[in-house]
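Please model the entire structure based on the sequences and the hints provided.
Below are the chains, spelled out letter by letter.
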Amino acid sequence: MERFGANFLIAGVVTFLLGFFLQGVMPIITLRKVPVKTVEEMAANPPDSFYQLAEDYPVEFQKVYGEANPQSFAKALRTGRDVYVAEACWHCHSQFVRPVSNEDLRFGPVSTAEEYQNDMFLPHLFGTRRIGPDLIREAGKRSNDWQMAHLYDPRSVNPWSVMPGYVWFFDADRRPQERALALVAYLQWLGSWVQPGARQAAMAPAAAPAPGGAG
Amino acid sequence: MNATVEGRLLVRYDLIRAHLTAAAAFMVVSMLGGLSYSFQLHNLYPFSGIEWLSPGRVRLVHTNMAAYGFIANAFIAGLLFAIPRLTRRPILSDALGWVIFGAWQLIMVLTIVGQLLGYGQAIEWGETPIFVDPLVMVGLVLLVINMAAPIVTTKEEGLYVSLWYFLAAFAWTGLVYFMGNYLPQFWVPGTAGAAITGLFIHDLVGLFVTPIGWGLMYFFVPMLLRKPIWSHALSLIGFWGIAFFYPMQGVHHFLFSPIPMYAQYGAVIATIAIEVVVLTVIVNFFGTLHGRAEAMRGNLAIRWFYTGMIFYGITCLQCAFHVTLTFQKIIHFTDWVVGHAHMVMFGVFGFWIFGLFVDLWPRAVGRDWVNPRLLTMHYWMTTIGLVLMIIDLTAAGLVQGFSWASLAPWSESVIASQPFWIARTFSGLLIIAGQALFLYALWITAREPAVTPSLDRAAVEAA
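In order, the protein sequences belong to chains A and B. Everything in the first sequence is counted per this note's numbering, starting at 61 for the first residue and increasing by one. Everything in the second sequence is counted per this note's numbering, starting at 568 for the first residue and increasing by one.
Worth flagging that the hints you see were computed from the coordinates, not collected in a lab. On a predicted model such as this, the values are computed, not experimentally measured, just so you know. Using N, Cα and C, we set each Cβ at its ideal position, and we do this for glycine too. Keep in mind that the hints are not guaranteed to be accurate.
Estimated spans, in silico, between C-beta atoms of each pair [unchecked claim]: (1) W947/B <-> R235/A: 49 to 57 Å; (2) Q112/A <-> I697/B: 28 to 36 Å; (3) I697/B <-> D164/A: 29 to 37 Å; (4) I989/B <-> W206/A: 28 to 36 Å; (5) L663/B <-> D164/A: 53 to 61 Å; (6) K123/A <-> L663/B: 28 to 36 Å; (7) P95/A <-> L663/B: 46 to 54 Å; (8) S216/A <-> A962/B: 26 to 34 Å; (9) A104/A <-> D661/B: 58 to 66 Å.
The structure is reproduced here in structure tokens:
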């Protein structure tokens, strides 16, 4: 029997701090030289899909975002990320490609730490479960229209899907509202910085020319 | 029967009763949430098209009410019983106890409402809305002050093992909650934030639920068996081993992610190390049971406790394997992990809580169990349901993992999962049916006018 209760309180704090240093602080130290980009920096060169979105749904897009430009893209990215969080999409979709299990063949290039070093990943949305596929290489894989139809009624495009439909992103005429536009802009952004066969380009400074097409 | 200290009741059974009642209520909310969500995977979701009952949001309610509504409330009830009895001191203030009770239930309701309205936080196990987090921090600090006071001021010669665990948990819980809910949300983005989230996922189980759970076991098991813990040396090894190794394995939730590999290797090694430590704790408890194994048949609380410990042993053994990179290639992201989570949170801690109910509810309501046979049926339906669910989800995880690795179209893994998901729903229905009997047993026992229960019978005899 130990006499002093303070031992255990102190032990609690010390062991917590040791674990926090080894598993939490050291990764921060490792990544300290990679600058953290702002959302505006990430949105500086909107992918083609965003301009396409303004053409696909001109009335709705005009109402919410006015013109397609880096400013409206930054706004759409933030809203899209918030919708992704609010609906807890991360329960069933991960956002990192592992170097095993043929994931690079299925999804695209393996994820690197630098890709997540920006405020769009505050909080990160890695996820721990996949009922649906990973989304970090989603950009440009499917059209905006496909994404819209899929969000409204997943089984209209994938009969086997078990994803819920998000009809409240759309109005009574099934026209996309702000949340649908923002979420599609966000999904089409995920991985837009990775060009096939040119992974290093992803790490280029924000001043570099925009990737032309989104894959 | 209930001693008084300086004119105050040593144990406040009314407070215990309130927390147990809240725990049972939130257990129902959690299980109905989980059941509804499972129907989404059959495309038979009952509330399809209703925004605030969207399956993603309901799943948040499922996990959060399991952890904070059910487990936390029941653990507070256990602490309210164990700490005054071990220290011979009442909690700091009964009024504060009621304030904490009210505040905690308010937090639960705000959490449910916030999550259903779309304000859930994207931190696994920390989805409590951002505007509720400060209230949780205040509640935890008040709880620690109220509960630690008798331990600090006790005149007892030494501190019993349970109190070691409780004190360490008191130090850990607030730190863990702050770290997990604030750092990745506001200050640490991306990969490093993920490392901290992993640490939070793990520490919530390892530094809040586990130490309080084991502390309660160290108290209730010797009390019910009327014999001391088998080995004090093993108790020491168990406590210090858990305290040392548990906080340093968070990254094992994100293996093969872009988090630096040294952190991943460290997490894997610490995880395998703690399985050895956990084994000593389990050996200690089965050493205590040695010679009294008939209690597994005759004493339902003991039966719940030791069934939970068997699940604990299985889950830790499983963990030592599936934390390796070899297993991770296949089983990560699959239902294997979901099965593992159910085995830990429900099979271990949920089962220990049912044992607490079996012993504490008659004391709290002042009446013996009216129909113990219902409790036996509750035990068997819950245990069989959970075993089926674990086997089913583990197998499903292997099917999904190998399907993905084979590069078959994604649809293949979803279609192949359907039979497993159907079996999971039925196993869940069996568990929920068991809980219905349990709630009925709680209610018929509580509604009768209070008489002095035969408290010297340490727990109900199984029918």
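Among all the numbered hints in the text so far, which are the ones the structure does not match?
6
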